[in-house]
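Chemist: Spelled out, the chains give:
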Amino acid sequence: MLEFRKITPEEYELVKNHVNASFTLQDFGKIVANYEIILMVGKWIEVLLVSNQMVKIFKELKNFRNPYFMGVYFGDIKRNKFKISLEGITFIAQYIDDKSILSESGEKKVLYGRDLTKSDLFYIPKQIKKDERSILINKKEEVLALGKYLFDRKKIGTLGDQEKIIKNVIDKGWYLRKGG
Amino acid sequence: MGDQSNLVREFCNKYKYSPYMIERYVNLFGEERVKKFLDGNEQKILTTFKVNTLRINKDVLFNRLNAKGFELEPISVVPDAFYVKKAPFSIGATTEYLLGYYYIQSLSSMIPSLALNVSSHDIVVDMCSAPGGKTIHLAQLMKNQGVILAFELNRERMRSFRSNISRCGVQNVIAIRTDAANLPDLHIKGISKILLDAPCTGSGLIPVDPSRKTSRTFGDIKFCSSIQMKLMKAAVEGLERGGELVYSTCSIEPEENEYIINNVLQQFRLEVVDLDINFGEPGLTNVFGLELSPEVEKARRLYPYLHKTEGFFVCKLKKV
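Chains U and F are the protein sequences, given in the same order.
Following this note's numbering, the numbering of the first sequence begins with 1 at its first residue and continues without gaps.
Following this note's numbering, the numbering of the second sequence begins with 1 at its first residue and continues without gaps.
Chain F on its own, in the form it takes in the complex (with noise of 0.2 Å):
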């Protein structure tokens, strides 16, 4: 207990974490592991986008940013995507990006909108869907086509949603500015495929904003676990049966994730369904003490440190 104590001063000092933080972290990887965990979230992770296939043809984007400065790496798990290993300038500055060629977005972010596995004739709701780029994704893989609904309830967020998927020629959004707890309430028939990018902690976003190694308490997992789990009841509920459900943070809290896929497992005729992307640590099932279903482990974890990206949760359930 004492070495345990002074373990977690160590890594406070060293790493300028928040206490409580450390303890959880090391009672979730163990003495050995937890210190991979915080040097990755030291690293830097690099800049990826999306190439938006509705408005170009990946080699020619890449023939043209390779002609500008950019050295760009094909990302091996998502088709269409890359890393910005050197960028003369802002590649969010680009006459390219200006014209929807592609979006800026980190590598976990892209796994959602992939592992729903949509086709063109879904009707499709976002949940969360500012600031746009899984929404766009989604699009692509429609083809343009079907139909997306995407709910996002802050009016500024709402605003850069918009000007994104124009930017991007996304024509198949139906856009709604309401909390999509509501969904529910708006009794839409047919509703095949739910992605639910649930607001989070964002406790693996540590390595592009250390702020949040101190700016969150135990008191924000709480609270956005319950803000989680309400979002979630309202799309096992909005969704029709055989339905299916992607959900993920930012998060990697255990809290925030694992928990809320037990739960809902236990509330609701649901089954986890393996990703088909070979990418990511298994779902945790044995956590604080706690043994949750080992359904749970279908789920997929990214760490910066294994996967050099944000730290990131995906599962996906179908409706039985």
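One chain only, chain U, in its complex shape (with noise of 0.2 Å):
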């Protein structure tokens, strides 16, 4: 049974800090203003981002039907950990300056759900150390996929163009793949 709630302000700062951490964002506050954040406690929780009209129909909904889903889904909580979605990274991408940039092969493999090689990346962030994650865009600024960096700047300088230096975390090919 599903239960559509506000999210508690311990919630919240997991999320914030999740994404001021993992992309450099300085204001999440700002960035999701024009919403409310509503939880989807199911199996997990999905976090979505409803717009103030959309709150108003749903209280009235509610009391008759829960929705399946609405507005904008921006994550999961699992385990007390946040997961950005893909709807999530296309959202707050603007507002992120040192994204990755793929070549035109980068941008193939990343759509087919692969891991990238050095070649693959036409500017790597300066500042990016391993583990950390970045968002993927082609050399128009589209967002393509989220990856997760194998390696520190300073090391990824030292390895071949064949080295894998990036794991694929989640990319816009899903919609093919499993989206249906």
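Simulated from the structure, these hints should not be mistaken for lab results.
A portion of the hints provided could be inaccurate.
Computed cross-link-like contacts, DSBU-like style, restricted to lysine-lysine with a CA-CA straight-line distance of at most 30 Å [to be verified]:
#: 1; chain 1: U; residue 1: LYS6; chain 2: U; residue 2: LYS83
#: 2; chain 1: U; residue 1: LYS16; chain 2: F; residue 2: LYS143
#: 3; chain 1: F; residue 1: LYS143; chain 2: U; residue 2: LYS59
#: 4; chain 1: U; residue 1: LYS30; chain 2: F; residue 2: LYS143
Since the model is a prediction, treat every value here as computed from it, not as a measurement.
If you follow the hints, you should be able to join the two separate chains into one complex; please do so.
Modeler: Listed below in structure tokens is the structure:
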């Protein structure tokens, strides 16, 4: 049975801290200011961004039936950890300066769900560290995926072109592979 | 009579339909027109797509797909939509598709959302929403504001609906997994617009799915018609006074279309509204020996042989 409720201050801090830390974002509150954050609690917790008008309708509706989903699916909270969604990275991408830029080969590979080698990257953020996540865009600045770096920036400089440096976390090829 | 049964037999052999369907179509269109209609169902229909203006400008997308070798032609009756005249590979396998810059949808299916004339402050109900093309179109016309209440009963179809609207960046949807016939029981106030693209026999889809020439029976038409009437009643009850409702099907059977409109006109205070779209043939008002309300003529029928799209029916009503 699904339960919909407002995010608690503790859960809000969890989401905010994750987003701020992962993407060097300064003002998470400002980005989501026009939305209410509603949690859909089932097997796990989905974090949804919902407009005020939608919340009003939702309140009328929930006396009779719960929605299946609503608004922007921003991510999940599982075992007290926040995991951002594809829609979530697309939503915040415009507020983030230092993104990784893929080459043409990288663009193709990432949309097939594959990990990336050094030669697949056109630009690597200067301060990136091992295990940090980075939004992966193409040269047209379109968000394609979220990746996790396997090495520090300094170490990447010493690696060969075919060395795998990014693990694909989520990518927009998902819509075709699994979305239906 | 003998001539007609010869004709039915001849067309059944030639076009491979169930005999009852040919008989109905001969009665519906007359001998001269039925051949054109059946020939039209044998023609390939061009793939069409609608640009997602929430994500990209039409001209930018045109240039990008053109550079990849897609030959596109604008659709005159629907803004921001194209025919795919030549495709070097599947139009559903581009980066632009994954980025939600467009969604593949038949031309006929673009008409109902357009006809509903929604605005950014409307509360809109999309009664049978999967796979989501019409909902995405509505969200664009509403500039991602207002609220769309999207109903879908089937879990798998709801999953694909969610994926499609997420891909296209739609933000104003509340999705409800239930039979849309339950709409009045949800007591939602202020519903100003309803789109009911009803489940149907899909006889208009024969050009893209020839198995429908034999896979549906007259019993299926009756069955669909009863579901359509149930949904239509729920729609009218859920709609606020002065609100508008667009009813559509991809069937060309009068029992699923004009009869439904005629029935609700008799049961509720409704009027048929002219569609602001210069496309399609008028609704039928004298069919299989039945005289229907002259208002039904304001509905629109689309045929493959005339309109180069799937067979379709669309009608707009206002609750008075």
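Chemist: Each hint should be assessed against the structure and marked as holding or not.
Modeler: Results for each hint:
1. U:LYS6 <-> U:LYS83: The hint holds at about 18 Å.
2. U:LYS16 <-> F:LYS143: holds, 28 Å
3. F:LYS143 <-> U:LYS59: holds, 23 Å
4. U:LYS30 <-> F:LYS143: Holds, at roughly 21 Å.
Checked against the numbered hints given earlier, this structure breaks none of them.
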